[in-house]
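Engineer: Just so you know, the sequences run in chain order W and R.
If you read the first sequence in the UniProt record's numbering, its first letter stands for residue 1, the second for the next number, and so on.
If you read the second sequence in the UniProt record's numbering, its first letter stands for residue 1, the second for the next number, and so on.
There could be a bad hint or two in this list.
Here are some chain W residues pointing at chain R (derived, C-beta under 10 angstroms) [unchecked claim]:
{"id": "1", "residue": "T24"}
{"id": "2", "residue": "G31"}
{"id": "3", "residue": "K44"}
{"id": "4", "residue": "A50"}
{"id": "5", "residue": "A78"}
{"id": "6", "residue": "P120"}
{"id": "7", "residue": "L150"}
{"id": "8", "residue": "V153"}
Source of the hints: derived by calculation from the structure; they are not laboratory data.
The beta carbon of each residue, even a glycine, is placed where N, CA and C say it ideally should be.
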Amino acid sequence: MSTDTSLSTPAVGGGSAAPAGAPTALPGRPGVPFARTLQAEVRKMVDTRAGRWMVIVMAALTVLILAAFVLWGPETDATLANLLQIATLPLALLLPVIGIMAATAEWTQRTGLVTFTLEPRRGRVVLAKALGALALGLVVTAVAFAAAALATVASSGTWDLEAAAAGGLVLALLIYVLQGVAFGLLFLNTPVAIVTVLVLPTAWTIATQVFSSLADVGRWLDLDSVTRPLFDGEMAGQDWAQLGTGVGFWVLLPLAIGTWRVLTREVK
Amino acid sequence: MITVENLTKRYGGFTAVDDISFEVRPGSVVGFLGPNGAGKSTAMRMMTGLTPPTSGRATILGQPYRDLHNPGRQVGVMLDASAQHPGRTGREVLRVAAVSIGVSKARVEEALALVGLTDEEAGRRVRNYSLGMRQRLGIAAALLGEPQVLVLDEPANGLDPQGIHWMRGLLRRFADGGGTVLLSSHLLHEVQIVADDLVMIGRGRIVAMGSKEELLSRGGTSVSSTDDARLAGLLQAADVPVSRTGSGLVVEAEPRVVGEIAARESIVLLELRSGGSEGLEEMFLGLTAATSREGDAA
């Protein structure tokens, strides 16, 4: 029964001789079509209590803040642009958490054992997570826009929103989502990533204010200050350059390092 | 079919898996047996592309795992039943996997029925599952894509004796349909119930392999020489059944038969003894004792 090859790799099982036409692998490209990976990753972001509540809390906070403003706020400020800025205030803080949770869950709950056996090309899973978190961020932002529009109607405010401001706002929020994904991938640990995302840029902002020598650098590397013109819809030439360096440092760099970590890390 | 060739994994100076080679053929349920820290899980992670091997390779259905098209359709993998998000329901865990694998929701219900999880249990969050229920859920996930190969790490862990017998039936039917099963266990009695063939591993090396009956009775002769491959060939030519182990050959014949062949062909024997004195159990216990003294690795 044994042959020379079976001696070099000793075989077990199938004593009744291998059945005719030994099973072969399915033909096709490695892995899973990307659309399915994306669908699965988006689903995983909202099918747990934590994920679903994140989205609900963000939407509820936006609506609550707007309602409070409409009821008690100064009437003169009730313009769509103003309301939108107020509505997105909590989002800037909470949207990164969506990205973080998407990126870290595979490691903190060890579901990566399943995810990365169903799609061994981990880079595509990372991409699906980033795109999925951005899509979810867009949905939440759309809710904020709708709520702000309703609030404008309710307080019979002015419709003063310019395309540049709206676009800038969306872009800024998406940058925050992506920053969450990046820090999640970088630390692969939810609490550490959340604390870092919330504390580190703020600490940097404070540092640049305390030490005047850092102020020049700060203008280029402080994510808060480089996104401010975006929120205001007043991007000029140098603002874009500063946005580029700030995003490069706080989003793209951790994203690159984090992705490399996920690609090379042993899944246990 | 699972093929493992000279698979090795080193962590710094520690060798978790040391040059193991074996092939699991279709139609069989093979137990991968060894004490905790013997390298079973590391080897299985290397087979499924989660851990890069230091050297050697593993293929499933003739391809490296990472090159498989839609792996969930071809290989059912369960590496840790408790590695599930506690906030998802059992059904949701399978539905997410079904999206990725590309199978229908109806198949999710089939898989749940296959492992005996009721509708009510499937709707519960995994946080509230017993280990036995998690094992069933993990097996349902592995079976979801109707694969040809199963790789299961400690699937019987946490199951009651009834559950272990149920698993035996399930895996037996899977293998009878032409499937290939490799499952690990650190409990000899557990693997005795579930598997037909065994690959035994200790401290990263294969110490014995073959059919359960053969290994359990261990009536044969253990032999090692300076050229095991040649000796094995000669024994086969003389119609003497021979199987290879990590440390040499096990021959189903009297020591005298082996000695005569070796003498005639001038092969230097390093060891020749009747294996009957060292049963599988004894060997396993020896391994367990030796590794537990060294602490739990990996």
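Engineer: For every hint, state whether the structure bears it out.
Structural biologist: Structure-based check of each hint:
Nearest Cβ of chain R to the Cβ of T24 of chain W: about 6 angstroms, under the 10 angstroms cut. The hint holds. With a cut of 10 angstroms, the hint placing G31 of chain W at the interface with chain R holds, because the nearest CB-to-CB distance is about 7 angstroms. Because the closest C-beta pair between K44 of chain W and chain R is about 6 angstroms apart, less than 10 angstroms, the hint holds. The beta carbon of A50 of chain W is positioned within 10 angstroms of a beta carbon in chain R (closest approach about 6 angstroms), and the interface hint is therefore held.
Hint on A78 of chain W is violated. Least Cβ distance to chain R is approximately 40 angstroms, over the 10 angstroms limit. A least Cβ separation of about 4 angstroms between P120 of chain W and chain R falls short of the 10 angstroms threshold, and the interface hint therefore holds. Annotation: L150 of chain W was flagged as interfacial toward chain R, and the flag is violated, the nearest CB pair being 32 angstroms apart, outside 10 angstroms. Restraint check, V153 of chain W versus chain R: the minimum CB separation of about 38 angstroms is more than 10 angstroms; hint violated.
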